[in-house]
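For reference, the chains in residue letters:
2 protein chains.
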Amino acid sequence: MITETKSVQFDSISLDSGATLTPVEVAYETYGTLNDNKSNAILILHAFTGDAHAAGQDKETGNPGWWDNMIGPSKGFDTHKYFVISSNVLSGCRGTSGPGSVNPATGCPYAMSFPPVTIADMVRLQKMLIDHLGIKRLLAVSGGSMGAMQALQWAVAYPESVAAAIPIAGTARHSPQQIAFNEVGRQAIMADPDWNEGNYYGKRPPARGLAVARMVGHITYMSDQSMREKFGRRLRDQNQFEVESYLRYRGSQFVDRFDANSYLYITKAMDYFDLTNGRTSLSAAFENVKSRFLVISFTSDWLYPSYQSLEVVRALRGRNCDVAYCELPTNYGHDAFLVNIAEQAELVRGFLASTLRGVER
Amino acid sequence: MITETKSVQFDSISLDSGATLTPVEVAYETYGTLNDNKSNAILILHAFTGDAHAAGQDKETGNPGWWDNMIGPSKGFDTHKYFVISSNVLSGCRGTSGPGSVNPATGCPYAMSFPPVTIADMVRLQKMLIDHLGIKRLLAVSGGSMGAMQALQWAVAYPESVAAAIPIAGTARHSPQQIAFNEVGRQAIMADPDWNEGNYYGKRPPARGLAVARMVGHITYMSDQSMREKFGRRLRDQNQFEVESYLRYRGSQFVDRFDANSYLYITKAMDYFDLTNGRTSLSAAFENVKSRFLVISFTSDWLYPSYQSLEVVRALRGRNCDVAYCELPTNYGHDAFLVNIAEQAELVRGFLASTLRGVER
Chain A
1 MITETKSVQF DSISLDSGAT LTPVEVAYET YGTLNDNKSN AILILHAFTG DAHAAGQDKE
61 TGNPGWWDNM IGPSKGFDTH KYFVISSNVL SGCRGTSGPG SVNPATGCPY AMSFPPVTIA
121 DMVRLQKMLI DHLGIKRLLA VSGGSMGAMQ ALQWAVAYPE SVAAAIPIAG TARHSPQQIA
181 FNEVGRQAIM ADPDWNEGNY YGKRPPARGL AVARMVGHIT YMSDQSMREK FGRRLRDQNQ
241 FEVESYLRYR GSQFVDRFDA NSYLYITKAM DYFDLTNGRT SLSAAFENVK SRFLVISFTS
301 DWLYPSYQSL EVVRALRGRN CDVAYCELPT NYGHDAFLVN IAEQAELVRG FLASTLRGVE
361 R
Chain B
1001 MITETKSVQF DSISLDSGAT LTPVEVAYET YGTLNDNKSN AILILHAFTG DAHAAGQDKE
1061 TGNPGWWDNM IGPSKGFDTH KYFVISSNVL SGCRGTSGPG SVNPATGCPY AMSFPPVTIA
1121 DMVRLQKMLI DHLGIKRLLA VSGGSMGAMQ ALQWAVAYPE SVAAAIPIAG TARHSPQQIA
1181 FNEVGRQAIM ADPDWNEGNY YGKRPPARGL AVARMVGHIT YMSDQSMREK FGRRLRDQNQ
1241 FEVESYLRYR GSQFVDRFDA NSYLYITKAM DYFDLTNGRT SLSAAFENVK SRFLVISFTS
1301 DWLYPSYQSL EVVRALRGRN CDVAYCELPT NYGHDAFLVN IAEQAELVRG FLASTLRGVE
1361 R
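Heads up: the protein sequence lines correspond to chains A and B, in order. So for the first sequence, our numbering puts the first residue at 1; every next one is plus one. So for the second sequence, our numbering puts the first residue at 1001; every next one is plus one.
Mixed in with the good hints, there may be bad ones.
Said to hold, decoys possible - Okay, derived cross-link-like pairs now, DSBU-like style, lysine-lysine, Cα gap no bigger than 35 Å in a straight line:
| hint | chain 1 | residue 1 | chain 2 | residue 2 |
| --- | --- | --- | --- | --- |
| 1 | B | Lys1081 | A | Lys268 |
| 2 | B | Lys1038 | B | Lys1203 |
| 3 | A | Lys268 | A | Lys127 |
| 4 | A | Lys203 | B | Lys1203 |
| 5 | B | Lys1268 | B | Lys1290 |
| 6 | B | Lys1268 | A | Lys230 |
| 7 | A | Lys290 | A | Lys38 |
| 8 | B | Lys1038 | B | Lys1081 |
| 9 | B | Lys1127 | A | Lys268 |
| 10 | B | Lys1203 | B | Lys1136 |
| 11 | B | Lys1230 | B | Lys1290 |
| 12 | A | Lys230 | A | Lys75 |
The set of hints was computed from the structure by calculation and includes no laboratory data.
Hey, can you work out the whole structure from these sequences and the hints?
Here it is, written out as structure tokens:
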């Protein structure tokens, strides 16, 4: 499956902050075929540093998509049956408008003058894309981590437009620990003199700060046990521990594919996301939802622990929503949604099939 | 109890690396009175960023010691009964020789030319101090976190000189996750241009990098739950989360009292510490120990999880050592050994009393 990232531009988008972004571009990919009554579309929502290239082999680079083991012919999101859409989030750096985009009013990159963005804004842009593709109602929305937050936001903001939501390893709001880890990453970036208040485009980017931020991230994505299994206390050259070389490598590699300002904007969007905001309870947030839910979490995920998924499940059940919950046993920690595929794919496959039967009935 | 940090200088110390440090200075404090047969001395071993000022009010600053709630009249380490000694570790920055000390051969601070230091080297210097004080056998050695590592090293290296060891919230060797968090801190420091390969004495220190390192540390010292209880998602000025302000404050505060190069040296000493090194098993490391043990861990400590203390307990039991183990229930995470005092003090008090009875019998 050879894939290619496409792009569509809209005149403008109104944001939660009150700002209007003019114009706005969104990068996306599609896999499979939209059926005649447009009832088989699934929107995939990426995690923090993901992009539109969720599946297949990229036409230019040959790189596989970040969820290629879940999306494709006969896979969890079966492209024989479903039309799968994946887009890069607003304020990202992989084709969708973000701080690295050129502000037409100035001819220069927005940098920190890019307006603040919320998870709801990201979802609003996705809704514009779906409308553009002529799809009235998605069969499902699904994603892990920040993708799960977007899936919940979809169900809350556009209840008529989503038949099912599959939030994986996510939460309805960040805990102070999750905020704290993001804040360390932000401080590491802003402590790098090359960050220069965000004005580094065309110059040297804050590579050292961004690498440190990414190292922290990687620790939180793994579990204590998976690190012990993967690295132990093994040493490499010059008495460095293998885990140190690994983190440094992943940190330096990240710098080539991610923009530091997008790191700041997207982590802020995650931290401020709170479905209970302005409401009396999480259950109240789900007052008007019409979709069914499959909620998945992982035993060893200490960054997005199961209690956060259970909070969502309880609130949905309090609204008599159709919700299935599964905590999958794994050592992979938060990374499990990307790695631990067999059981997750099985759950998704069954849930989507029954959703499709319901929709076509 | 007004206290004062004293200092003693020795001609030289031989280090595990093969290097000799000439001369070497050690900062220490004592509390209580050494009895006539010198059988009531207890050595307190500080954690990563601690110092010799463990108890009482400092004569100059008025600051309480870092374990003041555990050490003093009628406290866990009861200074009515015991003579308590506390010293700053080798390679530290609070009076004991470290990278910030002046190298007499050059007249300049050692910086990164300070020889690498191990936990065993730290303990070797403490042994020199104890000898200097005329104490043949310590009633007990005790400390939390890195202090626990030193306590274990004491029991292994100087079996004749320790009647009892109380390692709290520690380990016989760092896991890759613990190494990884330390490595993030080191990379944050070394990414700061002001670090300048360690040569910043008399200039601007790498304050931003050191602050980021400290922020990561603070997250790992607390638990998910204690952060939720302490901060929740409360906001402060300018839409900052309280947890963000707290971490930034603690980070910037740390810069005034800690030397970045000491951060590098001490974390490396912790990471390389491994009692199984060169031995067939952890149990083999304890072959010659003669002391009794009280091992304490905390339920919510995810940085030094209970399984690491249990590994030590099992290995000691495999050698038929006299070992008591207690996992204390608490939400405070790794910080619990500094905070969660009542039960810990009670355990220590009883254990020390029975050790003293055994010694005097």
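So, going through the hints one by one against the coordinates:
Taking the CA atoms of Lys1081(B) and Lys268(A), the gap is about 54 Å. The hint is violated against a cut of 35 Å. Taken as a hint, the Lys1038(B) and Lys1203(B) pair is broken in the structure, with Cα atoms around 46 Å apart against an allowance of 35 Å. With a CA separation close to 21 Å, the supplied pair Lys268(A) and Lys127(A) stays within the 35 Å bound. For the hint linking Lys203(A) to Lys1203(B), the alpha-carbon distance of about 27 Å falls within 35 Å, and the restraint holds.
Pair hint Lys1268(B) plus Lys1290(B) holds up; C-alpha atoms about 29 Å apart against a cutoff of 35 Å. Distance check on the hinted pair: Lys1268(B) and Lys230(A) sit about 21 Å apart at the alpha-carbon level, within 35 Å; holds. Under the criterion of a C-alpha separation no larger than 35 Å, the hint pairing Lys290(A) with Lys38(A) is consistent with the structure, at around 19 Å. With a CA separation close to 12 Å, the supplied pair Lys1038(B) and Lys1081(B) stays within the 35 Å bound.
Between Lys1127(B) and Lys268(A) the CA atoms are separated by roughly 51 Å; this puts the pair beyond 35 Å, and the hint is violated. Restraint check for Lys1203(B) and Lys1136(B): the C-alpha separation of about 44 Å exceeds 35 Å, so the hint is violated. For a cut-off of 35 Å, the pair hint linking Lys1230(B) to Lys1290(B) is broken: about 43 Å separates their Cα positions. The straight-line distance between the Cα atoms of Lys230(A) and Lys75(A) is roughly 27 Å, inside the 35 Å bound, and the hint therefore holds.
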